[in-house]
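Listed here are the chains, written in short residue letters.
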Amino acid sequence: MNQTHEQFPQGKAFHASLRTRYRVATIWQTLFLSALLIAILALTALLYNVVDGAFGYIAYEYKDDPAQFTSTPINELTKDELLVILKENLSSGAYKKLETEQPMQERSQADLLNLFLERLVRIDTKETWSMTESILNGSKIRAEVATKYPNAVLEFRSWVTPQFLVTPMSSRAEFAGVRTAVLGSLWLVSIAILFALPVGTGAAIYLQEYAPKNWLTGIIQTNINNLAGVPSIVYGMLGLALFVRVLEPFTSGSLFGVTDSNGRTVLSAGLTMGILVLPLIIINAQEAIKAVPDSLRQAAYGVGATRWQTVWHHVLPNALPGILTGSILALSRALGETAPLIVVGASTFISLDPSGPFSKFTALPIQIYQWTTRAQSEFHAIAAGAIVVLLVLLLTLNASAILLRNRYQRKAY
Amino acid sequence: MSNSTTTTYAIETNHLSIHYGTFTAVKAVNVKVEKQKITAIIGPSGCGKSTLLRSFNRMNDFVPSCHVTGELLLDRQNLYSKDIDPVEVRRKIGMVFQKPNPFPKSIYENIAWGARINGFKGNMDELVEQSLRSAALWDEVKDKLQQSAYALSGGQQQRLCIARTIAIQPEIILMDEPASALDPISTLRIEELMQELKKNYTIIIVTHNMQQAARASDYTAMMMIDEQRAGGVIEFADTKKIFTRPSDKRTEDYVTGRFG
Numbered sequence: 001m002n003q004t005h006e007q008f009p010q011g012k013a014f015h016a017s018l019r020t021r022y023r024v025a026t027i028w029q030t031l032f033l034s035a036l037l038i039a040i041l042a043l044t045a046l047l048y049n050v051v052d053g054a055f056g057y058i059a060y061e062y063k064d065d066p067a068q069f070t071s072t073p074i075n076e077l078t079k080d081e082l083l084v085i086l087k088e089n090l091s092s093g094a095y096k097k098l099e100t101e102q103p104m105q106e107r108s109q110a111d112l113l114n115l116f117l118e119r120l121v122r123i124d125t126k127e128t129w130s131m132t133e134s135i136l137n138g139s140k141i142r143a144e145v146a147t148k149y150p151n152a153v154l155e156f157r158s159w160v161t162p163q164f165l166v167t168p169m170s171s172r173a174e175f176a177g178v179r180t181a182v183l184g185s186l187w188l189v190s191i192a193i194l195f196a197l198p199v200g201t202g203a204a205i206y207l208q209e210y211a212p213k214n215w216l217t218g219i220i221q222t223n224i225n226n227l228a229g230v231p232s233i234v235y236g237m238l239g240l241a242l243f244v245r246v247l248e249p250f251t252s253g254s255l256f257g258v259t260d261s262n263g264r265t266v267l268s269a270g271l272t273m274g275i276l277v278l279p280l281i282i283i284n285a286q287e288a289i290k291a292v293p294d295s296l297r298q299a300a301y302g303v304g305a306t307r308w309q310t311v312w313h314h315v316l317p318n319a320l321p322g323i324l325t326g327s328i329l330a331l332s333r334a335l336g337e338t339a340p341l342i343v344v345g346a347s348t349f350i351s352l353d354p355s356g357p358f359s360k361f362t363a364l365p366i367q368i369y370q371w372t373t374r375a376q377s378e379f380h381a382i383a384a385g386a387i388v389v390l391l392v393l394l395l396t397l398n399a400s401a402i403l404l405r406n407r408y409q410r411k412a413y
Numbered sequence: 001m002s003n004s005t006t007t008t009y010a011i012e013t014n015h016l017s018i019h020y021g022t023f024t025a026v027k028a029v030n031v032k033v034e035k036q037k038i039t040a041i042i043g044p045s046g047c048g049k050s051t052l053l054r055s056f057n058r059m060n061d062f063v064p065s066c067h068v069t070g071e072l073l074l075d076r077q078n079l080y081s082k083d084i085d086p087v088e089v090r091r092k093i094g095m096v097f098q099k100p101n102p103f104p105k106s107i108y109e110n111i112a113w114g115a116r117i118n119g120f121k122g123n124m125d126e127l128v129e130q131s132l133r134s135a136a137l138w139d140e141v142k143d144k145l146q147q148s149a150y151a152l153s154g155g156q157q158q159r160l161c162i163a164r165t166i167a168i169q170p171e172i173i174l175m176d177e178p179a180s181a182l183d184p185i186s187t188l189r190i191e192e193l194m195q196e197l198k199k200n201y202t203i204i205i206v207t208h209n210m211q212q213a214a215r216a217s218d219y220t221a222m223m224m225i226d227e228q229r230a231g232g233v234i235e236f237a238d239t240k241k242i243f244t245r246p247s248d249k250r251t252e253d254y255v256t257g258r259f260g
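Protein sequences appear in the order of chains Y and G.
Per the numbering used here, the very first residue in the first sequence carries number 1; after that it's consecutive.
Per the numbering used here, the very first residue in the second sequence carries number 1; after that it's consecutive.
This is chain Y alone, in the form it adopts within the complex (with noise of 0.2 Å):
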């Protein structure tokens, strides 16, 4: 026993240890500390980046001086005034085209601004510049485009507007929204949601409460984790092959009597979305059943329920907030996938809304890609701003879900 204690350090010798041991302690703190710095620094690069781009110094010109059409200024033009514009000074056969996309007397005067600026005056943007160029270098920036571009205008603007958010995609940057894309990208995710949340939760449930625990079901569970990660362009592949070839006469519509289309349509990308996040809603959903807890099953069992009666009027509504909170998850996963929509085909320039399960249809992450890979810096810029769309679209699903949690969580129990 005494020899025992000896063995352990006494006074200084102890004093010594501990000291080493408090620092090594603080050593190991300090790097977790650094490494939770680098990811807020990377988290506030990122968000900085995208915000930079989206504001800023803008350069323009117009071709044609507005007051040789009106003698009003620009921004006090009313509706009125900007149709008798249009009709005296387009060509009839252009006035007829705009006319059956959509009636001119139709469309708000904000529409019918831009296609003024666009048809008539023509805008012609010199140079952009980047929020943090316009702020820190501002007076040498009025300098060089005034010496530069004499005719020129010099605007700050913020690139995501309310006008970005309704304008259906333009090849010109100063014109172009995000409509088309957003609403792309809206029909994606639900025809995905609508596909997946009953079969994952089917499946789940099947999984969960009725398969028997053998050798097939444990190679059904690992598979189902292990697709959970395969890179999504496999899944592109997948629905490539699946949906638009060999599924195309009911992906384009044609059974239904739609002759207009071919497979490539947002029905086609919506199935291969759903087949994407199929094996997230599956595994969440397993999860929330699992949490429910067996003495409810047993309570229920116990006063001559059956297994269904068990499932339908205890399980799943005490699951439910769990699948549902997995499922916006996987939703907004489904809402920044890429790579899958380019193989399945989506189209990089259309500007006209998606009307239904077999139209054409761009999305969101592809508007973006497309505008990043244009020379103009002012694509770029607008680029930006279909970012920060996205990211505000991405932070509501997910802060919804966050909430439904949460709310239910107090519920419960």
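Bear in mind the hints are in silico, worked out from the structure with no lab data behind them.
Don't take every hint at face value.
Stated by the list, open to error - Below, computed lysine-lysine pairings styled on DSBU-like, alpha-carbon distance capped at 35 Å:
hint	chain 1	residue 1	chain 2	residue 2
1	Y	Lys97	Y	Lys79
2	G	Lys105	Y	Lys290
3	Y	Lys213	G	Lys27
4	Y	Lys213	G	Lys82
With chain Y held as given, fit chain G onto it using these hints.
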């Protein structure tokens, strides 16, 4: 006691054994449980008391590796024969669990659900009131029937679970240590309630609490594990006899507290 009067026995076992895979957890149990009496099952931890109790309403069916040999007879019918539906068994033999487990629903709905899924066609309000009265809970909850059952105390929740069980009018009520999670006052109320209930129902109760078995039961089954770790009923008799002059030495050691 051994005559063929089927009316006196609520349930009989004939060499009932319960196995988990190749392991025999409970071996060759032969007991005859009398109608409208309280039968207690006692014995040290791990001797298979709960396993035996759960086999009575086929709750063991949910354990994948579990299977049963021998016979479990209710009205001379083997409850483990192929043509018997376990749901029907649980409809006739209700169960109250160790931890109160009300549904996360209203008090009213806790009682009504079991009746509704079993096709009850009568007046639900009356059934709820009658069940709650039988479980000595009505006066405490009659003004808050629509509130969550989770707002009740542990003892009240357990009585709600008893009310839920009697609402579907079973013949037998199994109780698996129903008072072990409760304080002494709530425990006493459950025991009083059992004395009321035995006028209409047969009750089989598993308990760790020797005093409870002595106080509350009419018959007692003493269980013990053998050398192969298989549990079995070593003595089954009048509770008075078990606690005053047991015929088995091991029973005597156990009930007098001399056992490990």
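Here is how each hint holds up against the structure:
1. Lys97(Y) with Lys79(Y): holds (19 Å)
2. Lys105(G) with Lys290(Y): holds (20 Å)
3. Lys213(Y) with Lys27(G): Measuring from Cα to Cα gives roughly 26 Å; hence the hint holds.
4. Lys213(Y) with Lys82(G): holds (23 Å)
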